[in-house]
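*Asks:* Chain by chain, the residues:
Protein chains: 2
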Amino acid sequence: MAIETVSIVGVGLIGGSFGLALRAAGFTGRIIGVSSPRTIEAALRRGAIDKGGPLEEAIPESDLVYLAQPISRILEVLPEVSRLARAGALVTDAGSTKREILERAGGCFAEGPFFVGGHPMAGKEQRGVERAEADLFAAATYVLCPLGSDLPVTPIVDEFVSWIGKIGAHVVLLPAEVHDKVVSWTSHLPQLLSTTLAASVGKQVAGEDLLRVAGPGLRDMTRLAESPYEMWKDILATNRGAVEQALDRYIADLQALRSDLGSDEVEQKFRSAGQVRLALTTKP
Amino acid sequence: MAIETVSIVGVGLIGGSFGLALRAAGFTGRIIGVSSPRTIEAALRRGAIDKGGPLEEAIPESDLVYLAQPISRILEVLPEVSRLARAGALVTDAGSTKREILERAGGCFAEGPFFVGGHPMAGKEQRGVERAEADLFAAATYVLCPLGSDLPVTPIVDEFVSWIGKIGAHVVLLPAEVHDKVVSWTSHLPQLLSTTLAASVGKQVAGEDLLRVAGPGLRDMTRLAESPYEMWKDILATNRGAVEQALDRYIADLQALRSDLGSDEVEQKFRSAGQVRLALTTKP
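If you're matching them up, the sequences are chains P and Z in order. Numbering of the first sequence is given in the working numbering, commencing with residue 1 and proceeding in unit increments. Numbering of the second sequence is given in the working numbering, commencing with residue 1 and proceeding in unit increments.
Read the hints as simulated data drawn from the structure, not as lab findings. It is possible that part of the hints are untrue.
Which copy is meant is left open, so a pair is good if it fits within one copy or across any two.
Said to hold, decoys possible - Taking lysine to aspartate or glutamate and the EDC-like style, the derived pairs with C-alpha atoms no more than 16 Å apart in a straight line are:
#1 Lys233 / Glu265
#2 Lys203 / Asp253
#3 Lys166 / Glu133
#4 Lys203 / Glu159
#5 Lys233 / Glu267
#6 Lys233 / Asp260
#7 Lys124 / Asp220
#8 Lys203 / Glu61
#9 Lys203 / Glu41
This is chain P alone, in the form it adopts within the complex (with noise of 0.2 Å):
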């Protein structure tokens, strides 16, 4: 086994979650917490880390590096980190957007430690190791991101890909630009409908009585919109063009439906969407 220790870098959702993954799926080497002392304890008790540690005691110790901090914090760290890590470790991140990310991994990961970006899809609109589960990647698309045109071939890195798949999650390689312009779409528009969507209908259905004269797909199309800011912020500042881009196609296709209304174009549409969403929920 190359993998026997790892460090997971912000033991939120997602780093809790990838830690109680792991153990499930059978992974019996050590992981190191690193996160605020309250974060660690919490983590601890659900079994997802085995110990907490300070950065500069956890990364030189590990094989694998997870960092799942917020994409800001990411950026920031990852100098330190790869001076931190050791050669032949693997630094990979779990943030929503990549060409940010790459670009700075680009500028410090030259030699040593190797670098690979990483995108779980896999998430809910809840915060925090508490509701981390061991089974949140399952059936997920997980994003990598190389630095160059392919994956390092180590051991290690062979090894966390192995991993992935063990967590149940179906690996997908891809350009960080592609990835970043892909999820505008798949990730960050809808985001961005359901919050605007919440927000209109407060404005403009006025009262919880009237709120309430409203069915399961109202239900549906706000879930989204309970998701924090904190998380966006960094998302939309790190995939701003691409977030403008496909807003203005969307507000162009939704203006075109407007201006279809009563005609057959509205059928044909439908049409459409229903296709799209069967290949969304078909299984590979």
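Please arrange chain Z on chain P, whose structure you already have, making use of the hints.
*Replies:* Only chain Z this time, still in chain P's reference frame:
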């Protein structure tokens, strides 16, 4: 017991669920289904009705007539139903828009049977009596729209309202115009956002592999895109003004959010949206 015989006209998801729900809530009278022979057969198999029969025979025998067809069919059949129904009977419907149905009913229910418009805020993206469920209405809002300013005071209307409570739903009394405006925001706009999202993502994200680079958020936000256009055609046709206004205001809000990207305004919108979401998910 004032209601001994119920006719359900259109035994699909809603009509079938109403029959199953009445039975599960302890209704011991007769339930007659009026639908195509194939649907009647399926409804009998599900136990949603006791027998099938043609409109001309079923309506005159009934204390309660429950119209659960598409809106355009309800509009067509109302004059005939008003002629066939006996004095004192209650005719109600389950159509998703109410203004046009109430206008039509106002013209033909001057005397004899009573009419009260209804809209159970329950449903799912699939149709048909095969998908009907006895608990479809559990915890749902059930809007009633009287022809006048209040419900008619008759034992049959009282008993119908009490059955709505027994099947688990919560009655809200609204004028038809208010109902149609509220649902343009809480139901019709969310549907069009979901349909447009699925269609736009399908255009912009090429290939099923990239479509899978998505988290649970996109699945929530596109569930409604499975809804059949056949149902939405009538809804959009009978509530076009309100739907256009909701679309225009939502598009303006989305454009404002796009302009606000990078500013503190976005945080404020996430907070407002989170509060509305909380109100939507808090039990009364």
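*Asks:* None of the hints should be skipped; say for each whether it holds.
*Replies:* Results of checking the hints against the structure:
1. Only between protomers do Lys233 and Glu265 lie at most 16 Å apart by alpha-carbon distance; the minimum there is 11 Å, versus 37 Å within a single protomer.
2. For the identical chains of this complex, Lys203 and Asp253 are inter-copy neighbours only, at 11 Å across copies versus 24 Å inside a copy, given an alpha-carbon limit of 16 Å.
3. Taking identical chains as interchangeable, the C-alpha atoms of Lys166 and Glu133 lie at most 16 Å apart only when both belong to the same chain, with a minimum of 15 Å there against 38 Å between chains.
4. Taking CA atoms no more than 16 Å apart as the test, Lys203 paired with Glu159 passes in neither setting, with 51 Å inside one copy and 36 Å between copies.
5. With identical chains, the CA atoms of Lys233 and Glu267 are at most 16 Å apart between copies only, with a shortest distance of 8 Å across copies and 37 Å within one.
6. Taking the closest pair of Cα atoms, Lys233 and Asp260 come within 16 Å of each other only across two copies (12 Å); inside a single copy the shortest separation is 35 Å, beyond that limit.
7. Within a single copy, Lys124 and Asp220 get their C-alpha atoms as close as 13 Å, and across copies as close as 11 Å, so both meet the 16 Å cut-off.
8. Taking identical chains as interchangeable, the C-alpha atoms of Lys203 and Glu61 are never at most 16 Å apart, the minima being 53 Å within one chain and 47 Å between chains.
9. Proximity of Lys203 and Glu41 under a CA criterion of 16 Å is satisfied in neither setting, with 41 Å inside one chain copy and 47 Å between copies.
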